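Chains as they are written, first to last, in this note's numbering: chain A, 1 to 460; chain B, 1 to 267; chain C, 1 to 266.
Certain hints may be false.
[As the list claims (entries may be wrong)] Chain C stretches covered by chain A per the calculated footprint, using a threshold of three residues with CB under 8 Å from any CB of chain A: (1) 44-51; (2) 220-226.
[Unchecked claim] Computed beta-carbon distance windows for the label pairs: (3) B:50 / C:5: 53 to 61 Å; (4) B:226 / C:257: 43 to 51 Å; (5) C:158 / A:78: 41 to 49 Å; (6) B:55 / C:123: 35 to 43 Å.
[Claimed, not checked] Pairs of lysine to any residue residues, derived as SDA-like cross-links and limited to a Cα-Cα distance of at most 20 Å, are as follows: (7) B:159 / C:256; (8) A:358 / A:313; (9) C:2 / B:37; (10) A:157 / A:70.
These are calculated hints, taken from the structure and not from any lab test. These numbers were taken from a predicted model, which means no experiment stands behind them. We treat Cβ as the ideally placed atom computed from N, Cα and C, and that holds for glycine.
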Amino acid sequence: MTNNDSIIKIEHLSKAFGDKVVLDDINLSIRRGEFITLLGPSGCGKTTLLRMIAGFLKPDSGVILMEGNDISNVPPHRRPLNTVFQRYALFPHLNVYDNIAFGLKLNKVQSSEIEARVRKALKMVSMTDYEDRDVNSLSGGQQQRVAIARAIVNRPKVLLLDEPLAALDLKMRKDMQMELKQMHQELGITFIYVTHDQEEALTLSDTVVVMSDGKIQQIGTPIDIYNEPVNSFVADFIGESNILNGTMIKDREVEFIGHTFECVDEGFGNNAPVDVVVRPEDIYIIANAENAKFTGTVKSCIFKGVHYEMFVETDKGYELMLQDYNAFEVDSTVGMFIKPSDIHVMQKERTCNVFEGKMVSSTDVEILGGQFQCADCGLKEGDNVYVSVNFEHIELMDNKEDGTVIGEVEFILYKGNHYHLTVLTDSGEKVYVDTNDIWDKGDIVGISVNISDLHISKKV
Amino acid sequence: MKILRNILNYLSRRSTWALPYAIFLGIFVALPMILIVIFAFTNNQGEFSLINFEKFITQPEAVNTFVYSIGIALVTTFLCILLGYPAAYILSNKNLNRSQTTAMLFILPMWINILVRTLATVALFDFIHIPLGEGALIFGMVYNFLPFMIYPIYNTLQKMDHSLIEAAEDLGAKPSTVFWKVTVPLSMPGVMSGIMMVFMPTISTFAIAELLTMNNIKLFGTTIQENINNGMWNYGAALSLIMLVIIGISSLFSDSDEQSQNEGGII
Amino acid sequence: MKKFFAQTYLWLLLALLYAPILIIGVFSFTEAKVLGNWTGFSTKLYTSLFAGGVRHSLIDAIENTLTIALIAAAVSTILGSIAAIGIHNMRGRRRQAIFFLNNVPMLNPDIITGISLFLLFISLGISQGYMTVVLAHIAFCTPYVVLSVMPRLQQMNPNIYEAALDLGATPFQALRKVIIPEIRPGMISGFILAFTLSIDDFAVTIFTIGNEGLETLSTFIYADARKGGLTPELRPLSTIIFVTVLILLIIINVRSRRAARKQENI
Numbered sequence: 001m002t003n004n005d006s007i008i009k010i011e012h013l014s015k016a017f018g019d020k021v022v023l024d025d026i027n028l029s030i031r032r033g034e035f036i037t038l039l040g041p042s043g044c045g046k047t048t049l050l051r052m053i054a055g056f057l058k059p060d061s062g063v064i065l066m067e068g069n070d071i072s073n074v075p076p077h078r079r080p081l082n083t084v085f086q087r088y089a090l091f092p093h094l095n096v097y098d099n100i101a102f103g104l105k106l107n108k109v110q111s112s113e114i115e116a117r118v119r120k121a122l123k124m125v126s127m128t129d130y131e132d133r134d135v136n137s138l139s140g141g142q143q144q145r146v147a148i149a150r151a152i153v154n155r156p157k158v159l160l161l162d163e164p165l166a167a168l169d170l171k172m173r174k175d176m177q178m179e180l181k182q183m184h185q186e187l188g189i190t191f192i193y194v195t196h197d198q199e200e201a202l203t204l205s206d207t208v209v210v211m212s213d214g215k216i217q218q219i220g221t222p223i224d225i226y227n228e229p230v231n232s233f234v235a236d237f238i239g240e241s242n243i244l245n246g247t248m249i250k251d252r253e254v255e256f257i258g259h260t261f262e263c264v265d266e267g268f269g270n271n272a273p274v275d276v277v278v279r280p281e282d283i284y285i286i287a288n289a290e291n292a293k294f295t296g297t298v299k300s301c302i303f304k305g306v307h308y309e310m311f312v313e314t315d316k317g318y319e320l321m322l323q324d325y326n327a328f329e330v331d332s333t334v335g336m337f338i339k340p341s342d343i344h345v346m347q348k349e350r351t352c353n354v355f356e357g358k359m360v361s362s363t364d365v366e367i368l369g370g371q372f373q374c375a376d377c378g379l380k381e382g383d384n385v386y387v388s389v390n391f392e393h394i395e396l397m398d399n400k401e402d403g404t405v406i407g408e409v410e411f412i413l414y415k416g417n418h419y420h421l422t423v424l425t426d427s428g429e430k431v432y433v434d435t436n437d438i439w440d441k442g443d444i445v446g447i448s449v450n451i452s453d454l455h456i457s458k459k460v
Numbered sequence: 001m002k003i004l005r006n007i008l009n010y011l012s013r014r015s016t017w018a019l020p021y022a023i024f025l026g027i028f029v030a031l032p033m034i035l036i037v038i039f040a041f042t043n044n045q046g047e048f049s050l051i052n053f054e055k056f057i058t059q060p061e062a063v064n065t066f067v068y069s070i071g072i073a074l075v076t077t078f079l080c081i082l083l084g085y086p087a088a089y090i091l092s093n094k095n096l097n098r099s100q101t102t103a104m105l106f107i108l109p110m111w112i113n114i115l116v117r118t119l120a121t122v123a124l125f126d127f128i129h130i131p132l133g134e135g136a137l138i139f140g141m142v143y144n145f146l147p148f149m150i151y152p153i154y155n156t157l158q159k160m161d162h163s164l165i166e167a168a169e170d171l172g173a174k175p176s177t178v179f180w181k182v183t184v185p186l187s188m189p190g191v192m193s194g195i196m197m198v199f200m201p202t203i204s205t206f207a208i209a210e211l212l213t214m215n216n217i218k219l220f221g222t223t224i225q226e227n228i229n230n231g232m233w234n235y236g237a238a239l240s241l242i243m244l245v246i247i248g249i250s251s252l253f254s255d256s257d258e259q260s261q262n263e264g265g266i267i
Numbered sequence: 001m002k003k004f005f006a007q008t009y010l011w012l013l014l015a016l017l018y019a020p021i022l023i024i025g026v027f028s029f030t031e032a033k034v035l036g037n038w039t040g041f042s043t044k045l046y047t048s049l050f051a052g053g054v055r056h057s058l059i060d061a062i063e064n065t066l067t068i069a070l071i072a073a074a075v076s077t078i079l080g081s082i083a084a085i086g087i088h089n090m091r092g093r094r095r096q097a098i099f100f101l102n103n104v105p106m107l108n109p110d111i112i113t114g115i116s117l118f119l120l121f122i123s124l125g126i127s128q129g130y131m132t133v134v135l136a137h138i139a140f141c142t143p144y145v146v147l148s149v150m151p152r153l154q155q156m157n158p159n160i161y162e163a164a165l166d167l168g169a170t171p172f173q174a175l176r177k178v179i180i181p182e183i184r185p186g187m188i189s190g191f192i193l194a195f196t197l198s199i200d201d202f203a204v205t206i207f208t209i210g211n212e213g214l215e216t217l218s219t220f221i222y223a224d225a226r227k228g229g230l231t232p233e234l235r236p237l238s239t240i241i242f243v244t245v246l247i248l249l250i251i252i253n254v255r256s257r258r259a260a261r262k263q264e265n266i
């Protein structure tokens with residue numbers, strides 16, 4: 001990708017609302033004519049990023065370059081791009097024609113040309129003959145079409161779409177997806193699309209940007225994102241998947257769910273802890289258990305339209321999700337195997353919690369905004385330290401007063417035989433916890449750690 | 001150039017647009033209220049003094065008027081609830097009244113000049129040969145302020161979730177129990193605003209009492225007005241402050257948001 | 001049966017409420033100086049009200065009332081609408097503070113508003129007259145305009161201002177072409193409300209009008225009533241005022257009901 005090819009370049013973009021960082025050092029290059037989707041759960045910063053490109057928000061730091069020029073301080077009405085808003089934002093006092101002609105009239109385009117362009121835009125969104133209609137009398141889908149026409153009639157270099165289909169029903173959404181894709185091909189302009197719907201992102205885009213917590217997690221084609229997620233967040237967010245702890249024994253050999261598998265990944269080192277992702281449709285299931293790589297018992301089997309979704313408990317006690325066109329009876333023993341190329345190995349982002357803290361006395365350390373008792377390891381009051389705690393050694397309790405500090409369960413990942421939780425403490429730090437207990441997202445919990453499970457080292 | 005851009009930037013921020021009004025409010029609302037306090041606590045030489053309040057307490061006439069005014073206001077408010085609540089209840093009850101026009105007819109008199117309404121009352125009393133006096137005063141007050149009681153109660157009753165009443169009936173409550181245990185408690189916010197909207201103007205009116213009683217009965221509002229008119233600004237300000245305190249206390253019983261909402265929703 | 005009693009109660013109360021106004025209305029069509037004497041149907045009071053010659057000061061007072069109300073309502077509408085847009089985009093403490101001050105004139109009894117403004121004008125050494133009445137009326141009318149414009153802004157899709165900017169409108173063009181058309185119904189109701197309040201006002205006017213002989217309708221009626229005589233021409237005048245207010249209210253109600261129905265249809 002050469003530089004001339006890129007129409008928008010975002011460099012080191014950051015934004016905070018008060019204390020909350022919503023965008024953290026975003027770098028992104030968007031090619032001319034590309035259909036790029038910003039995908040992430042609500043609150044991940046995708047809409048903020050889009051609004052910054054449109055000019056409704058100013059970045060705290062970093063720049064947005066458009067064809068090489070810094071547009072960070074250009075007001076929205078002078079940017080050569082147009083937006084399709086989530087709730088359409090049609091002007092209620094104007095009819096369909098005047099809504100679409102709004103931008104052209106402001107730019108003093110000749111009225112004969114305005115008329116020609118409005119009609120062309122209406123035709124493009126299949127809304128011919130609706131010129132004189134009051135926009136309030138239109139259905140949601142029709143309003144969205146008018147909103148799209150209103151934006152493309154100005155021939156923007158880039159079209160920004162902020163969850164444009166979110167308010168439509170499923171059937172309408174599917175139809176509009178196809179039409180948007182077609183429109184993108186016909187117009188040949190760059191589309192920047194924001195959505196939280198992973199299926200929509202995979203269907204529409206040339207490139208998907210997965211965002212979470214104000215950071216870009218992964219940029220890639222839909223196929224890359226689906227098949228080669230870089231971390232467990234992406235794997236979990238995109239499609240269904242089994243995410244498991246594993247060990248890379250050596251190149252092309254990985255151990256998980258108590259078995260050793262051949263795989264295609266290399267370069268992780270020997271005996272390195274890794275995350276393994278296997279898509280449910282990539283586990284082959286057969287009734288004959290004898291020739292299988294591993295066996296298990298079917299726990300549930302639900303018909304999902306095209307396929308059956310099954311949960312299987314493996315011989316070593318892990319729970320896996322499977323999809324197959326055939327149904328297998330509950331409680332029957334089945335055999336399973338996985339192709340080496342369907343095993344996706346990811347570097348573990350972390351192997352244990354590490355907190356920065358300070359000794360309050362020789363047997364007390366302050367971390368996460370609370371004081372924890374620890375074994376005396378010869379450190380003095382005031383020493384700055386690193387404290388590491390294994391995931392499984394963090395205890396969560398229902399009664400938040402029982403914990404040393406309080407946190408909120410932010411993210412839950414099922415790892416076959418246990419849950420991997422991300423807990424956000426009141427001090428704003430993240431604590432990762434492995435547990436067999438079932439928690440819900442948003443639960444407020446007390447957090448405590450046994451004296452013997454705190455490993456302290458002095459900060460140098 | 002850069003300064004100019006900054007100024008333009010500042011002006012184009014829409015929150016800046018409240019600035020002219022903020023300044024206006026400062027001069028024509030905040031400052032005058034502060035002036036009342038300043039005048040109340042100074043003598044006519046402009047020095048700090050409590051003489052105005054001393055004068056009020058030591059003058060039995062002023063205190064009597066004050067107490068009498070509160071009494072009249074309380075009686076008026078009570079009569080307005082007594083007459084107004086059933087009216088509001090009937091107006092809002094679909095089984096008893098379906099016409100929105102009737103509701104509007106009750107609100108209409110609110111929009112006619114209070115002096116015209118008072119003179120009309122005087123004319124009515126003249127017409128049927130009833131002498132003016134305390135009775136006429138209370139009738140006139142109730143006549144003037146009844147719509148202000150009916151409207152907020154009607155408003156709350158109408159917005160009330162009807163399924164609550166059905167739920168109560170479903171649970172076996174008698175109609176009278178439903179009324180006292182469900183309808184009345186739920187309409188209390190409306191009654192509270194009604195009380196505010198009646199009590200406040202009744203305690204502060206002037207002119208009306210004179211017209212209705214041939215100058216025989218003086219209310220507190222009139223006392224304040226007379227003092228201001230006679231150049232006793234400091235004393236007048238002190239009396240105003242006392243009235244404000246009374247109103248402030250009575251408004252504690254009512255949610256101010258509720259009140260402004262009701263007022264704003266008159267049309 | 002229950003309904004019959006209920007309806008009877010309502011109409012009795014209404015009869016009581018309207019009796020004084022009706023009497024004035026009926027006796028505006030007769031010439032008698034003293035109210036209650038019916039000396040035959042006549043429209044003489046109406047003609048003499050408008051002929052002016054007899055009571056020139058009454059005509060002056062009506063004129064003053066109307067011009068003051070027009071100016072105050074117009075200024076309040078502009079000031080209040082701009083302010084509402086500003087407040088709508090404000091957050092936190094400053095928004096609360098301005099709302100608090102905005103509520104003060106509405107919650108204050110008129111007499112307090114009147115006296116406070118009287119003290120302001122004498123403290124600033126401003127001689128009282130037409131200008132001070134206009135300023136005072138703007139002060140107590142604008143809060144109502146703000147309150148009638150705010151709901152329109154809150155109902156407005158917050159993106160439409162941005163959509164206008166996005167399509168190439170400058171902030172000023174976006175205001176003119178998008179926001180003002182959206183809040184116009186609120187501005188019109190606000191204007192009518194301000195106009196009515198101004199015409200209706202007595203307590204604030206009496207404290208800010210000074211003693212240069214300027215009269216509005218309210219102060220004229222007050223002065224007249226204190227002299228003991230109820231000028232006969234006030235009867236047709238009150239009737240006209242009542243009918244005008246009735247018509248205005250019907251217009252407003254029909255408008256808002258139509259708007260509500262339109263809202264429901266969406």
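Okay, the hints, checked on the actual structure:
1. For the segment 44-51 of chain C, the assignment as covered by chain A is violated, since 0 residues bring a beta-carbon within under 8 Å of that chain's beta-carbons and 3 are needed.
2. Against chain A, the segment 220-226 of chain C contributes 0 residues with a C-beta closer than 8 Å to a partner C-beta. That does not satisfy the three-residue criterion, and the hint is violated.
3. Between residue 50 (chain B) and residue 5 (chain C) the CB atoms are about 57 Å apart, so this pair conforms to the stated range of 53 to 61 Å.
4. A C-beta distance of roughly 45 Å is found between residue 226 (chain B) and residue 257 (chain C), which places it inside the suggested range of 43 to 51 Å.
5. In this structure the hint that residue 158 (chain C) and residue 78 (chain A) lie 41 to 49 Å apart at CB is violated, the actual value being about 22 Å.
6. Checked against the hint of 35 to 43 Å, the pair residue 55 (chain B) and residue 123 (chain C) fails, with Cβ atoms roughly 21 Å apart.
7. Taking the CA atoms of residue 159 (chain B) and residue 256 (chain C), the gap is about 17 Å. The hint holds against a cut of 20 Å.
8. A threshold of 20 Å between alpha carbons decides the hint, and for residue 358 (chain A) with residue 313 (chain A) the separation of about 44 Å lies outside it, so the pair is violated.
9. Restraint check for residue 2 (chain C) and residue 37 (chain B): not satisfied, since their Cα atoms lie roughly 54 Å apart, outside the 20 Å limit.
10. Under the criterion of a C-alpha separation no larger than 20 Å, the hint pairing residue 157 (chain A) with residue 70 (chain A) is consistent with the structure, at around 16 Å.
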